[in-house]
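Trainee: Residue numbers (this note's numbering), protein chains in the order written: chain A, 1 to 213; chain B, 1001 to 1261.
Calculated from the structure, these hints are not laboratory results.
There could be a bad hint or two in this list.
[To be verified] Keeping only pairs whose Cα atoms sit at most 16 angstroms apart, straight-line, the calculated EDC-like set for lysine to aspartate or glutamate is:
#: 1; chain 1: A; residue 1: K127; chain 2: B; residue 2: D1246
#: 2; chain 1: A; residue 1: K130; chain 2: B; residue 2: D1246
#: 3; chain 1: A; residue 1: K205; chain 2: B; residue 2: D1246
#: 4; chain 1: B; residue 1: K1208; chain 2: B; residue 2: E1178
[Said to hold, decoys possible] Ranges of calculated distance between the beta carbons of each label pair, as one might list FRET restraints:
#: 5; chain 1: B; residue 1: L1160; chain 2: A; residue 2: T203; range: 19 to 25 angstroms
#: 6; chain 1: A; residue 1: A58; chain 2: B; residue 2: L1073; range: 58 to 64 angstroms
#: 7; chain 1: B; residue 1: F1078; chain 2: A; residue 2: T203; range: 19 to 25 angstroms
#: 8; chain 1: B; residue 1: N1225; chain 2: A; residue 2: V176; range: 17 to 23 angstroms
#: 9; chain 1: A; residue 1: T211; chain 2: B; residue 2: I1089; range: 45 to 51 angstroms
#: 10; chain 1: A; residue 1: N179; chain 2: B; residue 2: G1202; range: 29 to 35 angstroms
#: 11; chain 1: B; residue 1: N1253; chain 2: A; residue 2: S96; range: 38 to 44 angstroms
#: 12; chain 1: A; residue 1: N179; chain 2: B; residue 2: R1079; range: 44 to 50 angstroms
#: 13; chain 1: B; residue 1: N1154; chain 2: A; residue 2: Q12; range: 46 to 52 angstroms
#: 14; chain 1: B; residue 1: L1073; chain 2: A; residue 2: W72; range: 27 to 33 angstroms
#: 15; chain 1: A; residue 1: K139; chain 2: B; residue 2: G1202; range: 25 to 31 angstroms
#: 16; chain 1: A; residue 1: K139; chain 2: B; residue 2: K1211; range: 41 to 47 angstroms
#: 17; chain 1: A; residue 1: F33; chain 2: B; residue 2: K1211; range: 51 to 57 angstroms
#: 18; chain 1: A; residue 1: K139; chain 2: B; residue 2: N1253; range: 22 to 28 angstroms
[Claimed, not checked] Output of the computed footprint for chain B on chain A, the stretches with three or more beta carbons under 8 angstroms from beta carbons of chain B:
#: 19; region: 16-25
#: 20; region: 42-48
#: 21; region: 150-163
Since we're looking at a predicted model, the values are computed, not measured.
Glycine included, every Cβ here is placed at the ideal spot set by N, Cα and C.
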Amino acid sequence: MEKTTIMIEIKQEVSITLLWLVAGIVIVTVAYFLPGFSTEFWPSLYSAGAAAFLYLFALLFYVTRKPLEKKWKIIVWSVALFALGISAYQSIRFESLAKSTRSNLLEVRNQAFKSMPLSLVPYPLLKTLKAYHQQHGPKKKNLKDIFLQFNPGATVGTNIHEPNWEADHLVILVQVLENDRIELAGGVDLPGKIRVEEHFTLTEKGLTHDTIE
Amino acid sequence: MTQLNNTEILSPEYTRGYVWGIFFLAVIALVILFFLPDRFIIKPEIPGQPPISINFFFAPWVLAAGRTISNSLSEWSFRYPGDSTLLRILMLCAILFIFVVLPTFFLLAWRPRRINQNDIQHGLSLSGVGYVYSAVLLGFFILGLIPSTIQHENTRSSILSALIILRDRNYIFDEIVEKSLDVYQYYLLPKSLGGGEGSYEGYLFPTKESKSQYASYSVKVVNANEVQMTAQSLAYPKASVGLTIDSTGQMKNWNYTGEYQ
């Protein structure tokens, strides 16, 4: 009789455990897939986390009901709230760190692509300026002639930059080509359709620059 | 005594010390998980994606953060990140294991033990094994929360600081390139146009150009064919960038101090 009683109690205990497990797994799994699929996992994590927290609260209420001593009720709830609180805090901090890292990395990337035209576009103009002011004698060539000397065939609208490597997307366009004024616009065509343009204007007095984003 | 006899009849296949054996197996498994991370790598589904370490099975938020950073590295190279079904399933399993399975096994086995303290009939049963396993793993998880939080806070500020320093240094580099144009133009222009006509002597750095959002700049004429430019960081007083501009306008002899090293 005692053996039968123990068997019934064990079966009951196993059934209750299985019921709770199945309920918890179903609830958390459904919540996990509710936000849908995206490249980021945070919506799924928070959704499943919220469902898991609710499940745990229900489980704790069930486990700490009478006749469990009040002392143990306090201990269990304190440990559970501590663990859940720290888990939530860590999730939020990790998300913040990951997104800040992403934002800074992309800013560094965009900045690096802005540096390219800034470094390379002035070069043909400075070469022209140097040659222009180093001329001697009464007959002097104008800026346009000297520029064309270094960039034969260049006209308004042409790209005078030759790619140095496969991923070199720099473009240097001639915008103005006059005897006393030359304007170049340099930019990088990025796959994400980001284009940063550096404009340089050359006159005999020197170079001026502005950026258009 | 009667209960002990019944337990032996009910579970003749369990030997004494079986639960302790399971306990030590669990400890060994956890040691392997935490101290031998390289042995537990899941190869990515798509070539080019980083491998997935299951070392962070007890911290699904670390898996999610790793995914965000991995996506940003893809975006850096203008490759748009794809989904990872394997990682998504791994994260779900981690959440279910830590927040559903372990607490359920532990709490539902703990309660009757707490209420019926003299009842040892479950000590060598399947629920006893589950109870010990879940207690050990939950204990590791909860005890590990505080040191992992402290470690995260310590590394967080250094990671963000390193990225900000990298970003600021890049901005300063661009500003140096721009200011060096003004310096070199002075060298090229004739004296009639306010230049040095083949010399840097007499060059005066414009006051309005001496300070920006990121740094303060100074130029020192070393000789007719060379100037030194220095950019002193405003955010990091010990950090600076120095360089030399020669008679061809080339920037060389770059040197970095402080955090910019």
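Trainee: Decide, hint by hint, whether the structure agrees.
Mentor: Evaluation of the provided hints:
1. About 15 angstroms separates the Cα atoms of A:K127 and B:D1246, which keeps this hinted pair within 16 angstroms; it holds.
2. At most 16 angstroms may separate the alpha-carbon atoms for a hinted pair to count; A:K130 and B:D1246 meet this at roughly 14 angstroms.
3. In summary, the hint linking A:K205 to B:D1246 is not supported, as the alpha carbons are separated by about 21 angstroms, beyond the 16 angstroms threshold.
4. Between B:K1208 and B:E1178 the alpha-carbon distance is near 14 angstroms, which keeps this suggested pair within the 16 angstroms criterion.
5. Judged by the Cβ atoms, the range 19 to 25 angstroms given for B:L1160 and A:T203 is violated: they are separated by roughly 45 angstroms.
6. At about 40 angstroms, the beta-carbon gap between A:A58 and B:L1073 misses the expected band of 58 to 64 angstroms.
7. A beta carbon spacing of about 37 angstroms between B:F1078 and A:T203 contradicts the range 19 to 25 angstroms that was offered as a hint.
8. In this structure, B:N1225 and A:V176 break the distance hint of 17 to 23 angstroms, their C-beta atoms being roughly 32 angstroms apart.
9. At about 46 angstroms, the beta-carbon gap between A:T211 and B:I1089 stays in the expected band of 45 to 51 angstroms.
10. Distance hint check for A:N179 and B:G1202: the Cβ-Cβ separation is about 30 angstroms, which falls inside the suggested range of 29 to 35 angstroms.
11. Roughly 40 angstroms separates the CB atoms of B:N1253 and A:S96, a value that falls within the hinted 38 to 44 angstroms.
12. With their beta carbons about 47 angstroms apart, A:N179 and B:R1079 fall inside the hinted range of 44 to 50 angstroms.
13. Take B:N1154 and A:Q12: their Cβ atoms lie about 49 angstroms apart, and the range 46 to 52 angstroms holds.
14. In this structure the hint that B:L1073 and A:W72 lie 27 to 33 angstroms apart at CB is violated, the actual value being about 48 angstroms.
15. Between A:K139 and B:G1202 the Cβ separation comes to about 30 angstroms, which falls inside the hinted range of 25 to 31 angstroms.
16. Judged by the Cβ atoms, the range 41 to 47 angstroms given for A:K139 and B:K1211 holds: they are separated by roughly 45 angstroms.
17. Evaluation of the 51 to 57 angstroms hint for A:F33 and B:K1211 yields a pass: the beta carbon distance comes to about 54 angstroms.
18. At about 40 angstroms, the beta-carbon gap between A:K139 and B:N1253 misses the expected band of 22 to 28 angstroms.
19. Under the rule that three or more residues need a Cβ within less than 8 angstroms of chain B, the assignment of the region 16-25 of chain A holds, with 6 such residues.
20. Counting residues of the region 42-48 of chain A whose C-beta lies closer than 8 angstroms to any C-beta of chain B gives 4; at least three are required, and the coverage claim holds.
21. Counting residues of the region 150-163 of chain A whose CB lies closer than 8 angstroms to any CB of chain B gives 0, so the stated coverage by that chain is violated, three being the minimum.
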